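Protein chains: 2
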Amino acid sequence: MENIFTDAYFMKKALQEAEIAFEKGEIPVGAIVVVDNRVIARTHNLTELLNDVTAHAEMQAITSSANFLGGKYLKDCTLYVTLEPCQMCAGALYWSQITKIVFGARDEHRGFMKMGTQLHPKTIVVGGIMENEASELMKRFFAKKRK
Amino acid sequence: MENIFTDAYFMKKALQEAEIAFEKGEIPVGAIVVVDNRVIARTHNLTELLNDVTAHAEMQAITSSANFLGGKYLKDCTLYVTLEPCQMCAGALYWSQITKIVFGARDEHRGFMKMGTQLHPKTIVVGGIMENEASELMKRFFAKKRK
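Which chain is which? The protein sequence lines are C and V, in order. full-length UniProt numbering puts the first residue of the first sequence at 1, with every later residue one more than the last. full-length UniProt numbering puts the first residue of the second sequence at 1, with every later residue one more than the last.
Same shape as in the complex, but just chain C (with noise of 0.2 Å):
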């Protein structure tokens, strides 16, 4: 039987995430934690909402992630997050030492990997899952903004 639970799988509801932020005015960027198959976090940017630049999808999903599981090292949990991290989230990610990292778009100007952020050396990264829908929604965003 086929495995349902595919990297696209999970970054579908990741992208969901950003579509909320998209509607509420906010670069759509959204993350979701998942441990064994199962969804712990979804979290999207709200940094306008907040006011706070630390309100990144990323840095609310470490956090949640931590709470609902009773302790603040993401093993076994994958982030799925429709944009490459910045250095921020890279180096949140760092200090959570989390197992895994799979983003959408990449961040070609304020990414990690650009910046030369470091990570933990266990985590895994695995970039470009749906970039396109990802890279599309950010175009849309900015687009509706200049009007």
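Rather than coming from a laboratory, the hints here were simulated on the basis of the structure. There's no promise every hint is true.
What the hints assert, rightly or not - In silico DSS-like pairs for lysine-lysine, Cα to Cα no more than 27 Å straight-line:
id	chain 1	residue 1	chain 2	residue 2
1	C	K114	C	K145
2	C	K24	V	K75
3	C	K114	C	K100
4	V	K100	C	K114
5	V	K24	C	K75
6	C	K75	V	K145
7	V	K114	C	K122
Just so you know, these numbers come straight off a predicted model, no measurement behind them.
Guided by the hints, dock chain V onto chain C, whose structure is given.
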């Protein structure tokens, strides 16, 4: 007349916050944010109590200051923090466009300078203010933990 509002004057207040963290069994790092010689935020590391790797003193100071100011950019603000910020906190400070960062002790291993994290080009950084007091407190903490 001599200006009493020196960097050491404010760093002493950040050190008081670090002492509070110490008493709670947290890695003793404290921070304050100052605008026009007025303290608008006082925070200390709470990663153990909150079970949250993102609960560094600086992250809370950024959120708290933005709440106080009613805007997410920390213009005309100075952060005083007893230890050199990590990647995550430097990444958050980058987004905040904070005017000035003053830190106490260097973090040779996980500090943002060693890690190469980028701050906002407008941000001024001063290090080494009351560094002996700050690193003494850290040493005392880890010596106590080892016992």
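So, going through the hints one by one against the coordinates:
Taking the CA atoms of K114 (chain C) and K145 (chain C), the gap is about 26 Å. The hint holds against a cut of 27 Å. Of the supplied pair hints, the one linking K24 (chain C) and K75 (chain V) holds, its CA atoms being roughly 26 Å apart against a limit of 27 Å. Between the alpha carbons of K114 (chain C) and K100 (chain C) the distance comes to roughly 19 Å, so the proposed pair stays at or under 27 Å and holds. At roughly 25 Å between alpha-carbon atoms, K100 (chain V) and K114 (chain C) fall within 27 Å of each other, so this suggested pair holds.
Of the pairs offered as hints, the one joining K24 (chain V) and K75 (chain C) holds, with about 26 Å between alpha carbons and a cut-off of 27 Å not exceeded. Taken as a hint, the K75 (chain C) and K145 (chain V) pair is honoured in the structure, with Cα atoms around 24 Å apart against an allowance of 27 Å. Among the hinted pairs, K114 (chain V) with K122 (chain C) is consistent with the structure: their alpha-carbon atoms are about 20 Å apart, no more than 27 Å.
The structure meets every hint from the earlier list without exception.
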